[in-house]
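Participant: Model the placement of chain B on the given structure of chain A, informed by the hints.
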Amino acid sequence: MTKLTASCLLATGLLVFTVGRSTSVVVADDAQSNVAAAATPAASELPAIRFARKDAAKLAERAKQLADAAGQAAAQFEVATKAVADAKAAVAVIDKTLADATAAIPLAEQAKVVADKSVTDVQEALKKTEAEKANDQEAINAAKTVVETAAKAAAEKTKQLVDLGEAKKKNETDKPIATKKVTDAEAALKPLADAKAAADKAAAEAQTAVQAAQKRLDAFIATLPKADPAVIRLVQKFTHTRPLLACRFDANADYVITGAQDNLVHRWDVFTGSHAEFAGHRSWVNALAMHPSTNLLVSGANEGQLIWWNVLDATPTAQRTVAAHQGYVRAVAISPDGQLVASAGNDKLVKVWNVADGSLVQTLTGHGSHVYNVGFHPSGKFIVSGDLKGVLKQWEVGTWKHVRDLDAGILTKYDPTFKADCGGIRSLDFSPDGKLLAAAGIADVTNAFAGVGVPTVALFDFETGTRTKVLKPKDNFQGTCWGVKFHPSGEFLVGAGGGGAGSLWFWKPDDEKSFFAFKLPTVAYDVTFHPDGLRLAVPLYDKTLVVYDLGPKVEVAAAPPAAK
Amino acid sequence: MRCTYACGSESHLSRRSFLEGAATGALSLAGFAGMTQVRAAEELASKQKQVVVFDLHGGVSQLETWDPKPNTDNGGPFEAIPTSVPGVYISELLPHSAKIMHHLALVRGVNTKEDDHGKGSYIMHTGHRQTPGFEYPYLGPAFSTLLTPAGSPLPGYIKVASGGNPREASFLGPRHAPVAIAGDKPPANLGLPDGVDAESDKRRREMRAKIGQRFVQGRRQAMTEAYNSSFDQAAALIARKDIFDFNTIPDAEQERYGKHDFGKHTLMARKLLENGITFVQVQHSNYDTHSENFNFHIEQLGEFDRTFATFVTDLADRGMLKHTLIIVLSEFGRTPKINHLQGRDHWSKAWSVAVGGCGIKGGAVVGKTNENGTAVIDREVNGGHLFHTYYRAVGLDPTKAFYHEGRPFHKADPATGPITEILA
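So the protein lines, in turn, are chains A and B.
When we follow the working numbering, the leftmost residue of the first sequence carries the number 112, and every step to the right adds one.
When we follow the working numbering, the leftmost residue of the second sequence carries the number 27, and every step to the right adds one.
Same shape as in the complex, but just chain B:
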C-alpha cells in the first residue's frame, strides 16, 4: 500500500519531523554517537518508549513454556517449576525465565483461530486478520512512527536475524520499514568504497541532497522520500556502524548471553535499544516441531531461556525495563495432542504470549486453559486485545486510527479492548 501523504496522518507528521532532523544531514550524527551507553539509556528513559519483540518463529509450544500441563495426556514429559511469582508455574525448560517471572506477565488465553504460519504471523504482528484491500502496518513500523523522537538519525525499526519486508510498513512509508541485520554483522556495505575518504563522502552526499531537494519540489510523494530516506538512513548507519560492531563487546558479555546466534542477536538487540532504536525484533528459529517436539524444545528453549532471562535482567538493572516493552510471541502455539512423531502441530485455539517491562504489571497471569490445554476457559483474547494492550503499555491511544486515503486503519480491533489485568 503506497504512502501518498495526502492524509495528514500521524505518520505524515512524524515523517516531516524526521525529515527536518535529517535535513541537517549527517552533521548532527556525531553528537548522538558521542554519548556513553548508560547516559544514552538514561536519556532515553526520560523521553522514549521502546519495544522489543522476541519472535519464536515456527510456533513455540505453550505447553513447554508458559502454560505447562504436567501429568495429563497432553502434558508431555516435562515438569512444571515454581517461579519468582508465588503460585505461578512454568515449564521446567525455562528455569532462568522462572527467576525473572516478576518482570513478566503471562497471557494464557490467546485464541487467534488461525493455524497458518503466514496468516497467524500477520495477526500477531498487525493485530488484525488479513483482509483484502487492507494492508495494516506491522507493530514495528507503527511504533517506529509513533514513538521515534523527532530528529532521530537511526532507523526506528530494526529486525535482527530475519529478513525485513518493506510491506510491513504499508502506508506508513519506507522510513519505518524494517532495517534487517543478520546478527553480529552490520547491514551490508557500511564501509566507504576504496578511494573515498570521509570528507569527500560528506561532500558528495551534500551534493546529492541539493540535487534531490530540487527534484522533490512540487512532486513530493512517498517514492521520492523513500529514495531520499534510504540515503539519509544509509548515511546515519555509516556514521553509527560502531553499534553493530561485536568486537567492542567484552567476551564475558557474550558468555553471559550464550555463545550462539540467538545470544549474539539478543545482545545486539540490547545494544540497539541502548542506542535509541525504538523497535527491535529478534527472531529465534525454529519451533515448528511437527516431529520431535520435545527434543527440539530442549534445544531451542535451552538457548532461549538463559539468553532471554539475561536480557531482561540487564534491562532491569540498567533502568531500561521501565520504558521498554518486551513481547514474546509466535505465530501460534502447538497442538496439545502429541502426535505419532512425538511432535506437536499448529494450534491457535489456546496458547500463550508473555509480555513484560514498560506499562506491564510484572507477575500477572491472565487467562486460563482447561485441564489438558485444549481450550481457553477463562478470559479468552485475540490479536486485537493484545494490540490494545501493547499500545496502552507504551502510553499510546489504540482507539485513534491511522488514516490512509481517507480510510481509517484501526490500530487495534475496536471490537476488543486492552487486557487491563496485566497493565500496570
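Chain A on its own, in the form it takes in the complex:
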C-alpha cells in the first residue's frame, strides 16, 4: 500500500510525528485554561486567535501524551535494565558455585584418600586383634566398631566428592543458559533504550512546540495578527507516493484532506501527522467539498461518482456513493446553509443534490462543453458554473432558472492544430462579501502542446456581471493557475499553479499585477486557506502537501530565560 512520511515544523517549534492517534485526552496543567477556552471558543474571537489558542491546547495535549509515553518508555527501560542486572547476578552465582566446587574437589579427594587409608588401617588392626586376641571378644568388638566408624566416614567423604562433582557439572551446564539470558536481556534493552531516547526527544520537542504555540498565542493576543504574503514560510509538509490534486481543511482544522492520483482521498492529522485513506473512488480525486458545520466531506472523482464521508471516521468508509456524471466529476461544492451539494462534470451538466439523502434535486443543462467548476454564491441564492469554453453560467437556487452568462472566454482557446479546446475554468471563488467572482485558468495560450500561456484570473463584478480585472503574474510566468481563493478578509486573492515551475501569486482585487509571488517546488493543483486565515495548504505534483504560514513570525527562545 502507500508509504507515508510526515514532518512538521508547526509554528517555530518542532514536532515529530508518530503513527497512530491516541484516543485518550490528557491535558497538561499549564494548558488547562486554554483547553477550556478552546472547548468553548468565543464566537466573536478572531479566527487567528481562536486557532492559535486551539493549537496551543492541542499541542499541550500532545506534549502531555508524549511526556507520558516518555515516562512509559523510561519505565520499560528500567525494567529491562533490572532484567539485565538480574541475569548477570545469576551468572555470578553460578560462577561462585562453580569456583567453590572446583576448589573443594581436591580437598574432598584428599579427605577421601585419608578416610580410605584410615579404613584400611583399622581393618588391619581388626585382623591383628582377631589373630592376637582371639579370646578377647571385647577387644575384637571394639576394633570392629572402629572399622565401622572408619568405613562410615570414608563413605561420607566419597559422597561428598560425588556431590561436589555433580554440583560442578550442573553449574557448568547452567552457565551458558544464564549467560544467554544476559545477552538476551542486553539485546532487549537496546531498542528500549532507543525508544526511550526517541520518546524523550519527542517529548522535549513537543514541549518546545507548546512553548512556541503559547508564545504565538500571547503575541496574537497582544497584537492582532494579519496575513502577510511577504512573510510566507513553510510550516508543514506531508509526503505521499503520488501527485496530489486537491485539498481542504476540516472545519476545526484538525486535518488536511487531499485527493490524489491514486484514486484515494487522504487525511493527515496536522498535529500528529497520522494518516488515513478513504477508498471508494475508481479514478483520480479532483474534487473535494467540506460541509460548513458538520463532519461531512463530499468527494468527486473522474470515474463520475460522488462519495459522502464522515471526515472524522477512525476507519473512513463511504457513507453514500452517488453515480453523478457520465465521465469526470470536475468539481463539487456545498451550499452555505449546508443543505445542497452541486457537482459539475464532463457530461456538460451541473447537478444539485440533497445533502441529507443524496437525492437529485435538479439537473442544470445549458453548458456546451465539459463543466470544469461550480460554486455557491456566499448568499446561497446562486450557483455559478464554468466550462471548458470559458462560459460562466449563473443559476438561481430554488427556481433553478438560468439567470445569465458571464464571459470568461479569455480562459479558453480553440487550438487549430489539436482541433480541440484548451483551457477552461480551473477554479472559481467568490469574495467573502459576494461582490466579486474570480475564475482562474490559462490565457494567451501560444502553445497548447506544451501548456504555454499566462496563468490568469478573470475577476467579475457579480452585481453587473462585467469583467472588471484580468489578474496576471507581475513577472513573465508561463503556465496555468489551477486554484484561486479569496483571503477571508477579502483584501487579497491567492492563485496557485505553475508551468515549468510552481508558484503562488497574490493579488489585490483592484490591481491586475500580482503584488507578491512565491516560488513553489513544483506545480500546484489547488490552494485552500486554513480557517485561521493565516495559513494555506497546497497540493503539489511532487507528491507533497505543503502548508505555508502568512502570519507574523513569533520569535521563540531556545531555552527559558535565566532567572535573575
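Do not rely on the hints blindly, as some may be mistaken.
[As the list claims (entries may be wrong)] When the alpha-carbon atoms are kept at most 27 Å apart in a straight line, the in silico DSS-like pairs for lysine-lysine are as follows: (1) K285(B) <-> K199(A); (2) K363(B) <-> K394(B); (3) K199(A) <-> K238(A); (4) K285(B) <-> K500(A); (5) K125(B) <-> K459(A); (6) K363(B) <-> K654(A); (7) K145(B) <-> K348(A); (8) K530(A) <-> K363(B); (9) K280(A) <-> K263(A); (10) K630(A) <-> K363(B); (11) K228(A) <-> K255(A); (12) K500(A) <-> K512(A); (13) K279(A) <-> K268(A); (14) K546(A) <-> K348(A); (15) K394(B) <-> K530(A); (16) K585(A) <-> K624(A); (17) K348(A) <-> K630(A); (18) K199(A) <-> K270(A); (19) K207(A) <-> K279(A); (20) K280(A) <-> K270(A); (21) K394(B) <-> K459(A); (22) K337(A) <-> K664(A); (23) K281(A) <-> K193(A).
[As the list claims (entries may be wrong)] To give an idea of the chain B side of the interface with chain A (calculated C-beta under 7 Å), a few residues: (24) E105; (25) A106; (26) E225; (27) S226; (28) N312; (29) H316; (30) S317; (31) F322; (32) E325; (33) L367.
Worth flagging that the hints you see were computed from the coordinates, not collected in a lab.
Heads up, the beta-carbon is just placed ideally off N, CA and C, and yes, glycines get one too.
Facilitator: Chain B in isolation, oriented as in the chain A frame:
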C-alpha cells in the same frame, strides 16, 4: 530518389501496366464510374487487396488506448473496459472500438527506439530507420505499386487530411506518390475552366497525349512519365470527381460517422476504398499531448472511437474487411510517467499498434508491457516486424526486395520477421 526505370523492378512492370491502361486515355473511365457501390465492392473483393491507415498524428498514448494500466502510478485517470474479446481490456476512452475488438489485433510490444516525430514517423511508414543514401518508399506508394490492378484509372494512394509528399514514393515514381485531398473537398481545380466543355476538353487532352508520346520516344524516364501521369491522373480525377462529392452522402451517414472533420475524412476513406483506391491514409490530428494529455485524449479519442468503430463495422458489413487491411498507428506512443502539466511526452520504447481486417486474426493480442507500462516484457517488435506482417497480411512476400539502380531495398528489415501470432 529519382526513378530511372533501368532496373526492371516490380514498380516498372506495374507502371507499364498502368500506362497501358492509361494509353486508352479517359475513354475507359466511364465504365468504372458506372458501377454501383456494392457491385464495385464485390468486384474489388474478388481481386484486390486494399489498405487503410489511420495515422493518429503526434503520438497517441498507448495507455489511453490499447494498453491501459489502471491503478498504477503511470495509469492516469481512466479505467480499463472489457471488449468483445473475452479477457482483452482497453481504455474506457474507446467504448465503441471495444465492441469491434474481434475484428482487430493488438500489438502491445512495439519498441521503435525513436522519440523524434519525423524519424519515428519514417520508421512507422517505411519499416526502416532513416539511413543516409537510402530513401525507402513509404507503405502507401509500395502497396500502390504492388496491389493496384493494371489499368486502374485512379491514383493508388490517397491521403486524406494531410499533405502529400512526392518523396514518399522514392524510386517507385510519381505515379505512386500520394494524392492529397483535404477531407470533404476534392483535389483542387477538378472542374473544367470556363468556356471549355467536355468534348473540347477530350480533344485537347488527346492532342496533348499525341505530342507527348512523340516527345517521350527515345527519352523515356521518370520525369517525363511524371509529367504524363499527372495529366492522366488529372483526367481520371476529373472524370471521377463525384467520388469526392460529399453532397451525395446522406446526412444520416455523416451523423453515424460524426459531424466533425475526422468523421468526414473517414467517410471519405470508405468511399475511396469502395471506389477501388488501393491505399488510403487518414490522419487524425493531434495527439502530441505534452500538456493536458487526459483532457486532449478525451477530446481526440472521443472523435476517433465512434468514427473508427463505425468504419470498421461498415467494412465488415459490406464484406470489405476480408480484403482491406486496417492499420492504426502513430509515430510513437507517450511516456508512461505523467508530467507536471498532466501531460505525457514522447515514448517509443513500449507502445501499441492496432491492426485488423485482411489477413489478420481478429481478437489476437501479442506482446506485453510491464505492470506500469515502461518496458516491453514479452514479444518485442519494431517497424521491421510490423512491415513483414503488413505484407504477409495482404498476401505479398516481404522478403522480395525492390531493386533500384542495382541495389536491393528491402520491403521489410530482413533481420526481423512477421508477427505470425496475429496473422490469420
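Participant: Of the hints given before, which are not true for this structure?
Facilitator: 1, 3, 7, 14, 15, 18, 21, 25, 26, 27
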